[in-house]
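Q: Just need the whole structure built from these sequences, with the hints factored in.
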Amino acid sequence: MANNEQTHSHFPWSHVIGFALSIILTLFALWVGFESGLSNTMIIVVVVALALFQAAIQLLMFMHISESEDSKYQVGTILYSLFIAVAVVAGSIWVMSFGMDHMHMPM
Amino acid sequence: MDAVEHSPNTPLEYQTETGRLNILGFWIFLGAEIALFSTLFATYFVLDGRTAGGPVPADLFEVKGVLIETFLLLTSSFTCGLAIHYMRRHSLKGLVLWIGITLALGLSFLGFEIYEFIHYIHEGAALTTSAYWSAFFVLTGTHGAHVAMGIAWIALILIQLKQRGLTPDTSRKVFISSLYWHFLDVVWIFIFTAVYLLGMVM
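Protein chains in written order, with this note's numbering: chain H, 1 to 107; chain Z, 108 to 309.
Misleading hints may appear alongside valid ones.
DEER-style ranges, computed between Cβ atoms [claimed, not checked]:
hint, chain 1, residue 1, chain 2, residue 2, range
1, Z, GLY132, H, ASN40, 24 to 32 Å
2, Z, SER198, H, GLY91, 28 to 36 Å
3, H, SER71, Z, GLY218, 46 to 54 Å
4, H, TRP94, Z, VAL163, 38 to 46 Å
5, Z, THR274, H, SER97, 34 to 42 Å
6, Z, ALA252, H, ALA20, 40 to 48 Å
7, Z, ILE264, H, ALA20, 22 to 30 Å
8, H, TRP13, Z, ASN129, 26 to 34 Å
9, H, HIS10, Z, GLY132, 27 to 35 Å
Since the hints were derived computationally from the structure, they do not count as laboratory data.
A virtual CB, placed ideally from N, CA and C, is assigned to each residue, including glycine.
A: Have a look at this one:
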């Protein structure tokens, strides 16, 4: 156990890079939203993609999802719940989009 | 201890069978948490715009406040990662220091969020004002309640660390609570994007 320190580099590079990327992605999403002049649909697509990218950074660089012997089960669980999340969110929006022509719809 | 087939470089929290299975089990719990938050997000999107003639989000959301909350939580996720980094180098001092900073950042986040909620209620947007604000407060409030629980949980683990030092048991608990903390930041990324950013832009 004593010489464990050699196996981990002294400076936590992956954390620092992950943190810097998170801040850059957050500010970039803000810029896309307010300054880019893209259409509303494009803004939604781009900022959601940026959020997914940032979530992946957290999972890989901070949470070490792929480090253990059980990593394929861990990744599988998260991918499956992501599928559930997309089905629930997109499905709800889709189902509730019918018969709403007379109401104010934000998009 | 049922520690057998691992190399000496295996982190403490993975050295026992119990530790490994607990960590896997916690990932499965996080999968269930994703499902929970997805239902709250779905409700929020469906009720988006149903403000019943009351205040609309674009009137109340402010970039500055949201950014402060976002950076507090982002930074706390980073310092929590550093805590694990020090734990794996067997530095109890570094671990305790960075966990302490993480908790302080978490508490500040909570303070800003409570201040924000009180401000909205003063402006006439409360839980019962409209379908939109109900969905807003339930989604962000559930996340805030998770943060509050995380702070209490990690504070208790900190006490155990002081009493027992770094063992396979305590390091497993620290590692699992760090997964929980990072996960709360992941949820916040989507709240920041879908609720605040799109709420201000659209």
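Q: Each of the hints needs a verdict: does it hold here or not?
A: A quick look at each hint next to the structure:
A hinted range of 24 to 32 Å for the beta carbons of GLY132 of chain Z and ASN40 of chain H is inconsistent with their spacing of about 42 Å. Look at SER198 of chain Z against GLY91 of chain H: about 47 Å separates their beta carbons, and that is not inside 28 to 36 Å. Between SER71 of chain H and GLY218 of chain Z, the C-beta spacing of about 37 Å breaks the proposed range 46 to 54 Å. TRP94 of chain H and VAL163 of chain Z have their C-beta atoms about 24 Å apart, which leaves the hinted 38 to 46 Å range violated.
Look at THR274 of chain Z against SER97 of chain H: about 54 Å separates their beta carbons, and that is not inside 34 to 42 Å. Hint check: ALA252 of chain Z to ALA20 of chain H, Cβ distance near 30 Å, so the stated range 40 to 48 Å is violated. A hinted range of 22 to 30 Å for the beta carbons of ILE264 of chain Z and ALA20 of chain H is consistent with their spacing of about 28 Å. Roughly 28 Å separates the CB atoms of TRP13 of chain H and ASN129 of chain Z, a value that falls within the hinted 26 to 34 Å.
The hinted range of 27 to 35 Å is satisfied by HIS10 of chain H and GLY132 of chain Z, whose Cβ atoms lie roughly 32 Å apart.
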